[in-house]
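Each protein sequence line maps, in turn, to chains A and B. If you're matching positions, the first sequence starts at 1 in this note's numbering and goes up one per residue. If you're matching positions, the second sequence starts at 536 in this note's numbering and goes up one per residue.
Note that these hints are calculated values from the structure, not bench results. Keep in mind that the hints are not guaranteed to be accurate.
[Unchecked claim] Sample of chain A residues lacking proximity to chain B, with all beta carbon distances greater than 12 Å (derived):
no. : residue
1   : Thr-153
2   : Thr-156
3   : Ala-159
4   : Ala-166
5   : Met-181
6   : Lys-254
7   : Gly-304
8   : Thr-381
9   : Ala-411
10  : Gly-498
11  : Thr-503
[Stated by the list, open to error] Below, a list of computed lysine-lysine pairs in the PhoX-like style, where the Cα atoms sit at most 25 Å apart:
no. : chain 1 : residue 1 : chain 2 : residue 2
12  : B       : Lys-663   : A       : Lys-494
13  : B       : Lys-662   : A       : Lys-494
14  : B       : Lys-617   : A       : Lys-502
15  : B       : Lys-997   : B       : Lys-987
16  : B       : Lys-950   : A       : Lys-302
17  : A       : Lys-501   : B       : Lys-950
[Said to hold, decoys possible] Simulated coverage check for chain B against chain A, where a stretch passes if three residues somewhere in it have a Cβ under 8 Å from a Cβ of chain A:
no. : stretch
18  : 574–580
19  : 595–604
20  : 621–629
21  : 659–671
22  : 706–716
Predicted model only: the values in this text are computed from it and were never measured. Glycine residues also receive a C-beta, built at the ideal position from the N, C-alpha and C atoms.
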Amino acid sequence: MGLATCGIAAGGDRVYTALEAAIRERGLDVRLAKVGCIGYCREEPLVNIQIPGKPLVILHRVTEEDTAAILDAVADGDVPREKALCQIDTWDPLVGDPLTFGIGFKDIPRYEEIPYFAPQKKIVLRDAGLTNPEDIEEYIAVGGYRALHKALTQMTPEAVIDEVIASGLRGRGGAGFPTGMKWNFTKKEKSLQKYIICNADEGDPGAYMNRNEMESDPHMILEGMLIGAYAIGAREGIIYVRSEYPLAIERLTKAMDEARAHGLLGKDIFGSGFSFELTLAEGAGAFVCGEETALIASIEGKTGRPRPRPPFPAQKGLWGMPTNINNVETWTNIPVIIQKGGGWFAGIGAEKNSGTKVYSLVGEVDRVGLVEVPLGTPIQTLVYDIGNGGIDGREIKAVQTGGPSGGCIPASLFDTPMDYEHLTAVGSIMGSGGVVVMDETTSMVDTARFFIGFTNEESCGKCVPCREGLKHMLMILDKILSGKATQSDLDLLKELSGIIKKTSLCGLGQTAPNPVLTTLKYFKNEYDAYLKGAK
Amino acid sequence: MTVHITINGKEIEAEKGKTILEVARENGIYIPTLCYHSHLHPIGSCRLCVVDIEGYPMPMAACTTPVMDGIKVHTNTGRVLKMRRQAMELILVNHPLDCPVCDKGGECRLQDLAYEFGIAEQPFHAKKPEREHVPFSTPLIRQWYDRCVLCLRCVHVCHELVGNAAIDIKETGYRSVIYPVAPERCYSCGECLSVCPVGALTEAVNPLRGRIWQIERKQTTCGQCGVGCQMEVSTYENKPVNIKTDDVTEEGPNYGSLCVRGRFFYDYVSSEERLTEPKIKKAEEWVSAGWDEAYENAIDHLREVMKAHGPDSIGFIASARLLNEDLVALFEFAKNGLNVPNVDTSSRIDLSAHGTSLTALKGASSFKDLDGLLDSDLIVIAGGDLDATAQIVANRIRVAQRLHDTKVITINSYKTRLDEISDAILTCNSGTEIPVFNGLVKAAFEGSDGVKKVSGWEDFSKQLTDYSADAVCDAAQIDREMFETAVALLKESASVSFVSGGGLGQTTEGSQKVKAFANLAVACAASGKKIGWLPVTAYANGWGALAIQTIYGGGLSYGEMIQAAKEGKIKALVVVEEDPIATLPDTSYVKEALDNLDFLMVIDLFETETVKKADLFIPSCSFMEKSGTFINMEGKKRAVNQVLDPMEKTRAVGVIFSDIAEKMKLEVELTPEVIQKKVSEILDQDGLKTEGKDALAFFQISYQATRMEENGHLFLVPTDLHYNHHYGTDEVHASAIEKLGKDPEYLINPKDAARLGVEDGSTVTIKTERGELSISPTLSDEAKEGHLVVRSHYHDTGILALFPFEMDDETKTPFTGNVLVKLQKS
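One chain only, chain A, in its complex shape (with noise of 0.2 Å):
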């Protein structure tokens, strides 16, 4: 049964608890166990069916009233074809062995050729979906854990990091930078005691990759924290997750404690003297706590608010000691990189932009979900292919990516591939992966006005242009949307988001006039529509 938070909103739940005691009554030997969210939120509730011998088929948008059917299908080995998304005859887990389910049912079309998941390419949500989150046993035996034994009994922490370097990762959260890289620095700082953080604040509206990957698969981040702590030097390491997510962190709080039961955490893990702590750090819901230095003052009690760097978190981080942050996704596509290799992961993606990418495609889209594919994919791959574009045949209009504080990409762009250059070469950014897809009934300006409105709420107020420019974009914005505005007021709009681009203190500021950027510079004739006089 698929229960990730998507699930149970679809209420898989409901289904979860007929079903076990379907089973219980009809005292049928069927192991009933929960796995993550294998993307196809659209399709949700989803329950894989196992019948040994045969293929895995995913059931969709089952419903309570289906447990009977299913149930009534698998005594006979069986699945309900009415119900059948797909099926999957063998798997890839990547770092183990080739899982083989079997063969059969050949009137069930194949995972690979459903169109929402023919484009993808699943490195990071590879277990997402098929594997038990709260079962350490699935994830070892997927070969998980593999990677952490090769870094610690096979490699130096050197041999690690330039096995990072090599694979040419990026940092998830946004910004893009080179993660082997980035661990070099605190890697190079003396010091006693060094930290790594997880970033699971994930913030921004829509988006949610890493809530599922940290309820789908939470060992992948605790395995890529372990190694990436090995290579630097760290004994000990936080995840900083945001309290809204409660199922994500009681899944990393069973998945902390069963590897420490496994001695895969704590002193001398495979008897190779390195020796590693992990807690958890609940955030308040502030968005600019995703940012570095915001998040460390969090931890340490203070108000998240960004400070100047340097000093970089690499030289004083957490308690003023040297300390590496990355974001769950980039943790979760270290166990590969080791286990098979940087040239292999170099080999996915684009130029400068290996591996793959999970974005939440949402909005007015037919199909959302989550969907991972390679670095470059071009937007209309996302949109058409796996999106199959706007609901009800609607014409989509652009698509905004990157957050809040992302730009708004017309459809006329829609070849840009997804990669960290071409994304801000069209005046958005590659963010953390949220895709918000907009048709042809959505204002822009309000879309903007919507955005603006929620870096407005988040700004932490502590540098002058994002506080007061911000508020005062906003106010504009209201006055064009109430028809109220003149040429001077878009002139001055325009001219704020310049200026709170170039001068605020953190990314939050730096990127947060997007949104009214891309959309004067794609949908001037909406603004234009707005302004006094104009109807």
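Keeping the supplied structure of chain A fixed, place chain B upon it in accordance with the hints.
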């Protein structure tokens, strides 16, 4: 390491690690700033200092961007000029134009910047956020929400320099507001007020106000404790209206910082309670007298006693906060004019124990200035809550830690604020400081070769056999891991500063405690470490007074004179700006001693408890009303400049004694020139005389373990008693004190409270052999188990009455003993 950069085309060699702003300023290149403050970590909130760097797409904030080799900086491109202007426009949107009624008018950074930028109108419209108004973290400061530009200097200074974090920003975005998040942690030091660039924080102490163009402002040295802070007194019509440090921020020892006393207590000097006329007691009633009459009364009485009982029956007790010039006049008058042997100062209480300790350290590579703290790898603090007694020293320690990663060891018998940044907190049982010091010497240095070459080691090392780590941790009840950390820090640090508060020298076995602490410094010096020795002095001129009384020598000490008065051997006493009743232990004993006198003459500013017992009173004036010198805790000479005319008829102490000497036609000459010459004979140009180097030496320590816990008894631990007399006589008349309240705090450990059945805030009686007192203790972990901690800045708590009158064998310092009190529920 240097790098080469250009700013506006000018080639500059700059120190690596400095910011563009710092380098520009050093080279006379102006970049406007609002939030930047040279003593704080760059804040980066105002964005006025943006500059362009060739090859960089974005302008950079000069205050936060370090110089890098080869960069070409431009401070005045069209783009950055426009950005600064717009940033200023945004800052000004919500700033009210109440400059005409704002205290800051005329010296406001925002006013200056708006003028500089020529901003007469701007395109934005104000939108005032609704705000809840709450009292600021101290009643001495008023917060004006609308004037705040959220530069965050106040927040940063409270966090970084003061370490209190009493204020912070609340809310986010444009609703952000400076808020007292932890008012209970606020010391009312006013550092936030002092760094506020606008009028968002204003002083709420003194109804007297003066604009910059109405007042006079003059630098002087604060006379309220021994730190010797440099400050500027603003005066208007011969009254002080405020204290500023804006133009002395780069001068030590305080670099623009002040404590609550220095910044806010200044108006006691113009208090209406000042006594301004000489008074003679006739038939138990005060009668005002003219100066001549008063002088004659003094002369008659002194002559009478001299004739009847000889010069040995007369004593002079002077405050160590008098100027060197006052003290020399007094000593000349008494010693060489009247041939009275008994003249002493309150530095006896403050510093005697430390005076002797200096001799052992002469051979060390050492420093005694507060700047040395910043070069220390390790700072060891013992016997004092520096935040309460010498906050400036505590601030410097926090700066050392922030900028130089200096480690800290704290050794006290109660928790202090500096424990929060301490790497090894050794909270020991009252009276076990000596075992802790000895144990540290033994554990860190016993095996090293360095100490063996130092004289006295052989005997001292024999004493150390009893001080194994186990024994010490057990006796002192300190954490073993903390002890080991302290030992490791002592071993590995190349430069170590020792800061001692009054809790060592002014308590039982004070001289031995100080010597044992000094031995730790000697052991460090013997191991090739650079050491700093910084006793905190309560009196503004502690070291000066000690030097002067040592030069004149002989006679009975302060405490011995009181004892002799009690025994009837001293018949006449002249007490100068001292209040023995409020200072010495065993209040009733001291009162009886004073009652026993034939003649008591008191010179002071206010009617103290001692003044009440006087036969003759002569009014003197405060440090703001005279010129001269202090020797501060660093042993440095600090200039005291007259900023006010003496109030009404009051006279400086030096003037009073030269007047009387003249009237008596004594053989001494006390003209300012002669006094000046004498002072320069006793003191060096810069401060204390530094004599030739002696060899290092270890002291032998005598130590008697005191009785430990007794059923129902607690150790009475006064935390900053050595300041009480001081507040008690002068500053208690400051209007700020009325606002702050002056009730003492009694802290009891919750475990003791449970054991003794004491509830939080309930009234109990504490009893010693000498007396009893009714108190309401607060349950707090800040009190160590077995201890009753008293926090008070004022003399009238009554706890001095609970201590017996005892003096240290070596220094003759009357001390507050290691007293056990019995606690009874009322």
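Going back to the hint list, which numbers does this structure go against?
7, 10, 11, 17
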